[in-house]
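A.B. asks: Here are the chains, one letter per residue:
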Amino acid sequence: MIRLWTFGVVIVAMASGYCILYVAPPEAMQGYVQKIFYIHISSALSMYVGFLSAGVGSLLYLLRRAEWADALAVAGAEVGVVFCTIVLTTGPIWARPIWGVWWTWDPRLTSTLFCWLIFVSYILVRHALENPERRRLVSAAVAIIGLLDIPIIHFAVKLWRGAHPSVKGTKDAMPMEMYTTLYLTMTAVIGLATLLIRLRYLIERRRETGNFLQEGMPYA
Amino acid sequence: MWSTLWRIESRGIRRDVIGVAELIGFVVLSLLIFAFVTRAVSIPAPLILWVTLLFGGVLYLGRSFDREWASDGSRVLEGLRMIPGAIPRLFWVKWGSNSLVLLLVSLLATGLLMLFLEEPGGWLAWSWLPLVIGLCGFSALGTLFAAGVVMQTRREYLLAILCYPLAIPLILAVSQCLTNGLATGRVDPVWIKLTAGCALLYITVASLLFPYLVEE
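So the protein sequences, as listed, match chains A and B.
Residue numbers for the first sequence follow numbering that gives the first Met the number 0, beginning at 0 and rising by one.
Residue numbers for the second sequence follow numbering that gives the first Met the number 0, beginning at 0 and rising by one.
Incorrect hints may appear among the rest.
[Said to hold, decoys possible] For each label pair, taking beta carbons as the anchor points, the in silico distance ranges come out as: (1) A/Y31 <-> B/P119: 52 to 60 Å; (2) A/E132 <-> B/P119: 52 to 60 Å; (3) B/K192 <-> A/L51: 25 to 33 Å; (4) B/K192 <-> A/V32: 33 to 41 Å.
[To be verified] Facing chain B, a subset of chain A residues (Cβ under 7 Å, in silico): (5) F113; (6) A127; (7) L194.
[As the list claims (entries may be wrong)] Stretches of chain A that chain B covers, calculated by requiring three or more beta carbons in the stretch to come under 8 Å of a beta carbon on chain B: (8) 93-104; (9) 114-125.
These are computed hints drawn from the structure, not numbers from a lab.
Each residue gets a CB set at the ideal place from its N, CA and C atoms; glycine is no exception.
Same shape as in the complex, but just chain A (with noise of 0.2 Å):
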């Protein structure tokens, strides 16, 4: 299954690749470094998705105190930091030409940089709490409130009004091939978050078990 899934996910990333790079056009106003937005909106839906895994582990652990739950939340804590990482470092080198400047206290950018910190420090109290039941419930909790933050993020436009660019309603400012460029970007950097997820949640359940030898473990 794990084969066959980053089989797919490669053949998505080339076509998207060659989308990016081919199809869509140039933004008239913007230039080529427009075409940094696929990346970056592709990555922020995978690090939403990355933290609800996380979020949504977490409170299964806690209600349920099952293992498996826990191994979920690890992993995506940590693959959503990545994206998120992602997402924070394309952002200043698209903001850079189009604002003039790599960083401004937009709502957004802000919110983004919150949920960051928040799942970082999910990340150094796992390594910080030696008691294993202890971490597990504390990067829990902290993984709740993390989650509770994210609509935070997504309503921070509408609430604080800020400057951020958002694509929904503006469904004829761009034309199909972006859109097209836009999906095809979107389902492969989804793709690849939640194989890594899935990657991640065998490697922490082999670790919690201490079996790295069972069979049937790919790329063990």
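Following the hints, complete the assembly by docking chain B onto the known chain A.
C.D. replies: Quick look at chain B alone, frame taken from chain A:
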């Protein structure tokens, strides 16, 4: 049961006067440093107070459960675990006592701040509301995670790592409330709502999660 828990807590605070004294010492020293700094750079007094209480608050909140987990006092928590419904109530008592201590220290710090900076204190009329709500919200997060990191070797920095990122929306809302208040002379209605919303969220979530962290 409420009165029993409160008696245990107030007796604990009386025994651990050193913890409160440490908080007061830290706040006084921080305000002195700010008093020196503000001779070179102008920083509004309410913001100095808020930042000092945040830093001092983490140090104090980190000791919240020392009495229950200490080698001679561990029976207190074991006993409470055996009483149905005692642990959820313990959160409210701890949160109440922590918030009360922080608010009392903030009163002292306000007096000292006005003394050190030679401030007339006109901002007190409106700034007390965001400060009180902010401290109550921050105290809820601190109480929750103090229970999580108690008896850990690196708890001092762990609590700061946990509390500050999660409390950033609250910290930002209170700071913005105070900054806007300095310009207009009244509490900003939008930011005070956000402050209250964040504080309410933290208090609710912390009270719900607390039993899971303690009843292991």
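A.B. asks: Which earlier hints turn out false for this structure, listed by number in ascending order?
C.D. replies: 7 and 8
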